[in-house]
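Chains as they are written, first to last, in the working numbering: chain A, 1 to 154; chain B, 155 to 308; chain C, 309 to 462.
These are computed hints drawn from the structure, not numbers from a lab. Glycine included, each C-beta is placed from N, C-alpha and C at the ideal position. Certain hints may be false.
Just a few of them, taken from the derived set where beta-carbon distance is under 8 Å, the chain A residues facing chain C [what the hints assert, rightly or not]:
1. F11
2. L31
3. E34
4. V106
5. L117
6. M120
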Amino acid sequence: MENQVIVEHIFLLVIVTLFSVLQNAFFAVKLEREGKSGCATSFDRVSCAVRNCMDAYPTFLAVMWCAGLCVSQAPAAFAGVLYLIVRHKYFVGYMGQTSQSTPGYVFGKRPILFLILMCMVGILNYLMAYFLGRCYKAQLKTVTSLTASLLLIP
Amino acid sequence: MENQVIVEHIFLLVIVTLFSVLQNAFFAVKLEREGKSGCATSFDRVSCAVRNCMDAYPTFLAVMWCAGLCVSQAPAAFAGVLYLIVRHKYFVGYMGQTSQSTPGYVFGKRPILFLILMCMVGILNYLMAYFLGRCYKAQLKTVTSLTASLLLIP
Amino acid sequence: MENQVIVEHIFLLVIVTLFSVLQNAFFAVKLEREGKSGCATSFDRVSCAVRNCMDAYPTFLAVMWCAGLCVSQAPAAFAGVLYLIVRHKYFVGYMGQTSQSTPGYVFGKRPILFLILMCMVGILNYLMAYFLGRCYKAQLKTVTSLTASLLLIP
């Protein structure tokens, strides 16, 4: 029963994490297949794309889980899904023939920034509740849920 | 006391994480020693093996913790241990002289797949408990514990 | 309210994680800027430094969170901050002109070792509490807090 209570607060985060893991597996399979095809230039490009995605992966996971635990899981999971979509676009764009139009090393700045801000606001709220005795948890959840939808603006 | 309750649900996961960290440290020390020996080809091979292991590491951690939190820690930790053994074999195999027999980029598919399935089943069970009011948590724990032993089949 | 209880036990860890994420973002921006400048040797050096930092990042996160959850968050967060400082020094040292004086692949050994020991002691304490019924949680918190200050010795 204990566990059930914990799962209630994190199940959306777990679902997004699961999707990100499946995406990682997709990347890895893509890379392995490319490695067997023997084409050096396209292997290099895929390898570079996978590596850039993997470099950013722990950062993404850490910030999504922190934001989800500190404030509210729904907007954090939503930003996580957006990040995964951006990452997929980045990966496909990197593999494309028009390598000059590829994005750089950093991608998914907006979802990550949103998650970092969520973390900061959550921590500030906790400190305020601790020191001043005022807690804006409920308002915070509403505001972050509303703000998360702003991420959809291209 | 609060903390003690949390630790009860995760201590096996923490132990496996600790072993994986020690293994990472072993890999890093191996790579550093190789770097000092000055042999370029063997350094390249170790560096490549370490990098492949490290690329898959956050994925492994994420999926093991999610599976452990959502369903039950014992089978998740067991699959984690198996993954660490597979990883060690992969690393040693990669460093070996017979580089043509090295495994590819993806390794430890079976434990990871098992953990992903555990996550999915756990989430499904949570959603069913939420929407339909039926909870198969106890059965789930037994089934996953039994299934985990199937991973031992080579 | 549930969530507030959880946040109480992890807010220091979240803050350190947030700082590490910001540092990662700083590294990534540095690398991207270097990539645009077109100087191959300095790009290689920054890229190598970023990659070494990123290889060790999941290990650091995992061990810090485990230590923080199992024993006490304050010393774990303190060691985390020290690790981030060491990492910054490592990164700057790697980029410097005097590339022969750069540190190797492994860095921040002391904070990581301290966190691993904290994890081990925490798990041992849990097992002792479980099997022998003796719990030294309070003493453990004091001792680790005191030991953490020893990390400051250069």
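Hints, one by one, checked against the model:
| no. | hint | verdict |
| --- | --- | --- |
| 1 | F11 | 14 Å, violated |
| 2 | L31 | 17 Å, violated |
| 3 | E34 | 20 Å, violated |
| 4 | V106 | 5 Å, holds |
| 5 | L117 | 10 Å, violated |
| 6 | M120 | 7 Å, holds |
Violation of the numbered hints given earlier is confined to hints 1, 2, 3 and 5; the remaining hints are satisfied by the structure.
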